[in-house]
Amino acid sequence: MRIGWIAITLVGLVLPLGGYASAQNPIESEEATINGFVRDAESGEFLFGAHILEPNNKLGTSSNQYGFFSLTVPADSVTVQISYVGYAMWVSDLYVTDDISLSVELVPIWKIADSITVVVDRIQEPSEGSPLNVMHIPITQIQSLPAILGEVDPLRSMQLLPGVQAGSEASSGLHIRGGSADQTLTLLDGGRIYSIYHLFGFYSVFNSDALGHVNLLKGGIPARFGGTLSSVLDVGMREGNSTRHAGSFVLGAVASRIVQEGPIRKGLGSYLVAGRRTYIDVLVRPFMEKEVVGYRFSDANAKINSQLSKRDKIYGSFYQGRDGYSYQNEREWSYKSMLKWSNRIATVRWNRLMTNKLFSNITASYSHYTYRSSEDYRSDLNGQYAYRYTSRIRELRLKADLEYSHSPRHHIRFGGTAATQEFTPGAIGINNDYGGDHNWGTGGTRLKGVGVALYAEDMFIVGGRFRINMGIRWAAFSVNSKLYQVAEPRVSARYSVLSRWRVTGSYGRMAQFIYLLPNGGLALPTDLWLPVTDQIPMQTGNIFTVGLSRAYLSNGIEFSSEGYYKTMTHLVEYKNGAQFLNQGASWEDKVELGSGNSYGAEVLIRKSGTSTNGWIGYTLSWTNRTFPAFNGGKPFPYRYDRRHDVAVVMNQELAEGLELSAVWTFSTGAAISLPTMVYQAWSVAISPCAACNIEHFGQRNQYRMRNYHRMDLGINVSRPQRGGERTISIGAYNAYNRKNPFYLYRDEEQGRNVFKQVSLLPIVPYITYRRTY
Amino acid sequence: MFNRVRYLVVLSAALVGCETTLEIELPSVNPATVVNSYFTPDSVWSVHLSRAQSLRAEQARFIGISDAQVTITSKDGNLELILDHFGEGVYRATMTHPKPGTEYQLNVERFGHPSLQAHDYVPTEIEVEYTYKLVEAAHLAVFETVYVEAHVTVSLKDKEEERNYYKLVVVPAAANNDLKRPLLFETTAGSIVGENAPHYDISPSGERLGLRDAIFSDRTKNGERIEFSISFSFALREDCYWAYIDANTTLAGGCSPAAYLMHISKAFYDYALTYRLQRHLSAEPNSEPIAVTSNVNGGVGVFAGFVGYKLDLK
Chain W
28 MRIGWIAITL VGLVLPLGGY ASAQNPIESE EATINGFVRD AESGEFLFGA
78 HILEPNNKLG TSSNQYGFFS LTVPADSVTV QISYVGYAMW VSDLYVTDDI
128 SLSVELVPIW KIADSITVVV DRIQEPSEGS PLNVMHIPIT QIQSLPAILG
178 EVDPLRSMQL LPGVQAGSEA SSGLHIRGGS ADQTLTLLDG GRIYSIYHLF
228 GFYSVFNSDA LGHVNLLKGG IPARFGGTLS SVLDVGMREG NSTRHAGSFV
278 LGAVASRIVQ EGPIRKGLGS YLVAGRRTYI DVLVRPFMEK EVVGYRFSDA
328 NAKINSQLSK RDKIYGSFYQ GRDGYSYQNE REWSYKSMLK WSNRIATVRW
378 NRLMTNKLFS NITASYSHYT YRSSEDYRSD LNGQYAYRYT SRIRELRLKA
428 DLEYSHSPRH HIRFGGTAAT QEFTPGAIGI NNDYGGDHNW GTGGTRLKGV
478 GVALYAEDMF IVGGRFRINM GIRWAAFSVN SKLYQVAEPR VSARYSVLSR
528 WRVTGSYGRM AQFIYLLPNG GLALPTDLWL PVTDQIPMQT GNIFTVGLSR
578 AYLSNGIEFS SEGYYKTMTH LVEYKNGAQF LNQGASWEDK VELGSGNSYG
628 AEVLIRKSGT STNGWIGYTL SWTNRTFPAF NGGKPFPYRY DRRHDVAVVM
678 NQELAEGLEL SAVWTFSTGA AISLPTMVYQ AWSVAISPCA ACNIEHFGQR
728 NQYRMRNYHR MDLGINVSRP QRGGERTISI GAYNAYNRKN PFYLYRDEEQ
778 GRNVFKQVSL LPIVPYITYR RTY
Chain S
2 MFNRVRYLVV LSAALVGCET TLEIELPSVN PATVVNSYFT PDSVWSVHLS
52 RAQSLRAEQA RFIGISDAQV TITSKDGNLE LILDHFGEGV YRATMTHPKP
102 GTEYQLNVER FGHPSLQAHD YVPTEIEVEY TYKLVEAAHL AVFETVYVEA
152 HVTVSLKDKE EERNYYKLVV VPAAANNDLK RPLLFETTAG SIVGENAPHY
202 DISPSGERLG LRDAIFSDRT KNGERIEFSI SFSFALREDC YWAYIDANTT
252 LAGGCSPAAY LMHISKAFYD YALTYRLQRH LSAEPNSEPI AVTSNVNGGV
302 GVFAGFVGYK LDLK
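Chains as they are written, first to last, in the working numbering: chain W, 28 to 800; chain S, 2 to 315.
Excised from the complex, chain W in its bound form (with noise of 0.2 Å):
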């Protein structure tokens, strides 16, 4: 209870609403405490963002990422509902005189014959801010979705958001509201990732089978999180089924995976572990020769828990990916390449109920990404040349992380974190006879930072209407024997209007003391996370947001909108044609500065049901970015401003056991340079050519590659199967061949100047074989 007060007066000093909030509070004087988890009573497993409402009052809360409530409720006669998508609702009367814990289970809708009449939740509406600024896809949705070549993405379906650009054709990229991939903090399990990204970004980390829950984070960030500039991705891997043995397996074209689950300690923990492997490499090795290629990916998931007490449980998860490809050439002389690349991320958490009211998760992480890169060429002839390249970046990670139910007004989190990160930018050996009996190479720089973080939030009520979430953070980073240090204010406030309508708006200052230094727009694993220099100052921004939203319409229809406006300043790109690649040169001297600005406006509208769900999302933005070394200090349109963005996404359940899916996008063209002019450059043997061809730009991206559209298609027939069911996906990306651009490039034809587009993918059909036990 101290430390509860302790969180109050911490919260008080800054918040002095939530003084305010709490001197308005009628029913403080007799009141309980009913607190609890909600679980699926299927696996066993909990579910976060459950609501838990009573309506009598008008009082909610919803469970935490480990499944937990607190809900202080006057001293009498209540109601209490617990809802969660896909999830019959348990409902309540109690009789509360002290405070109270209760065990909920969910029972799955498709678990509930077809005579009786249940209540579906409306979609998931978080207890804080805007529907738009915290988005979430059931896995479930997520995995009936229509994938390239079968293989099912996360991130592929978050792109279908309002607010959310793929980047480039095929990319599992997520630019949030204008915002770079390094503006997204990811998280796995609470420990964060730095690549995300398989295959050169089609594909990502994250095996839907092992994951629990996808969350979006892109407005109204609340102050617990931070090291971010545009929005938090939140992953939580599933704990696994604690009540029976279970698992499934997937075939699909480009990759299978697998996933096994099941109780330990007879009910009081239990554990997964999942795994995912591609085998192209394995499938064109016969076809090869003198020349080898060979690409693969593979992930391993796993996830354990116990329950120690019953306030105590413990978790461990841990995560490895890795990628590699490699080339082999044996003819007159020898060759060989490979790049490798790799994320292990490991997690320890701690749960503890240390009161009714007060709720505490501590979590240990250790994150390490590593890319190498080498090449091997001999000859009898041109000697040897041997090189090598290792870039890498490690994270150990404490955080606390305490919540406390002060009362059905107030809901205080606070905590902290520290963690060291080492920096590893780059190192290259090289030893060469090639024209010389010369061996050369340069270390890469290490580099240490430290860095630590406190917040205080408080989600408090005034009236019956108005739901503010107030906070602050403070953080600080240590490097080169400097310190970084900044302030972040985060306020986000809802007010009820009439009876479902919500007006929603947000303000967070947010500040991110690492970046990635990216090569161009893919996500290629040569890009680099760098720290905060004296010559690259710490990035900063304002997120301001605005909304309306109506929570239920009709027929499980929910609508919301919102505008958005960012600032983002010492924003970093690539000087001009530099490279990360560029022996003896430090980082700091191959990047220019610059801000950015973003705005615009979404609308989702939403459906749920157990038959037909889906939505569709409308983003109009603006994105734009202003470097003193680019464009003539001008501000110019950013990479991936889209001026509209649709996306249109249905699952119907056409009988029982069949289940179409379909999806369509539509962006605006990205923005491009192209070439007004051409002219001659001369000189005899001091160009390249006697007389070249230069290219004239005018403005940066003034101009639009073609619009952006594609349908996916997917038919999902299922059929119990004894112990499970059996899943067979076929479907197709692209399903109307729609030939969009990947890049344009300037040629002659007959004389003329042309510009001839490259697209990437056709459409390509898939089918996967799934079958769980």
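Treat the hints with care, since some could be wrong.
Unchecked claim - Pairs of lysine-lysine, DSS-like flavour, derived with a Cα cap of 30 Å:
no., chain 1, residue 1, chain 2, residue 2
1, W, K661, S, K267
2, S, K158, W, K617
3, W, K602, W, K617
Said to hold, decoys possible - Calculated from the model, a selection of chain W residues having no Cβ within reach of chain S, i.e. all distances over 10 Å:
no., residue
4, G302
5, K337
6, V375
7, H395
8, E449
9, N507
10, T692
11, S745
No lab work stands behind these hints: they were computed from the structure.
This one's a predicted model, so the numbers in the text were calculated from it and none came from an experiment.
Glycine is no exception: its CB is placed at the ideal position from the N, C-alpha and C atoms.
Could you slot chain S onto chain W? The hints should help.
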């Protein structure tokens, strides 16, 4: 390796992708006047004027401008020179040479067109020393050709108080290469001063072939002696080879390629660097196009000074 990554991505795209020719409506632009002028104490003044072509033009024809008045003046006031037109847009002086360490201004007046101005300087002279070694790599009697490897060690010393810029090329012997395209070479120059990733010519399979030029500055070696090596191989006609043997490791004038070290101005450096980047990155998808810098006000192109040092192998 970076090129290999990109090559892999592009190859993947080519395997599954397809190409479409597009009609893109480009805005109508008034073609700019183009200046090409590199001036050095070894040559008389020369300026080439031409017109840029709109990309909408049916045929790319770069017509020389013949009706301009081209004037060179020195900043110290010792020179005011009107160049004569020698045809096809080439304007020259007959006698006058630029001087090292002097700043000059170019003025181009043309009736009915806005005037152009540019100014730049000839860098000061530096100390350059070099040694070389020639090694016979292969003798192909069928083609009457000998392949020779040249290893050149260069040492240069420039002025401490000013930033100095350099460009290095290897020019073939006139007898061997009518097009005079620079030879491929390897050098440690770029790595020593730690600047500007070298742009290697890459074979279609991704193999590194060599450099066509090296552009660097003394940023990290200001005032210090800079030492680097250059290696390249070249084909030698048999008659040159026998002359070389007879003359005891000395090549006859018409047979010898030469490394050419240019001490260049800042404007030359920026132009050469961005020009090279544009050429090398033009084929790479997803890279931002490179705008070539220009020091010509009212037009495009370059007006730049340099001092050249020919490192002969004879």
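So, against the hints stated earlier in the document, which numbers end up violated here?
none
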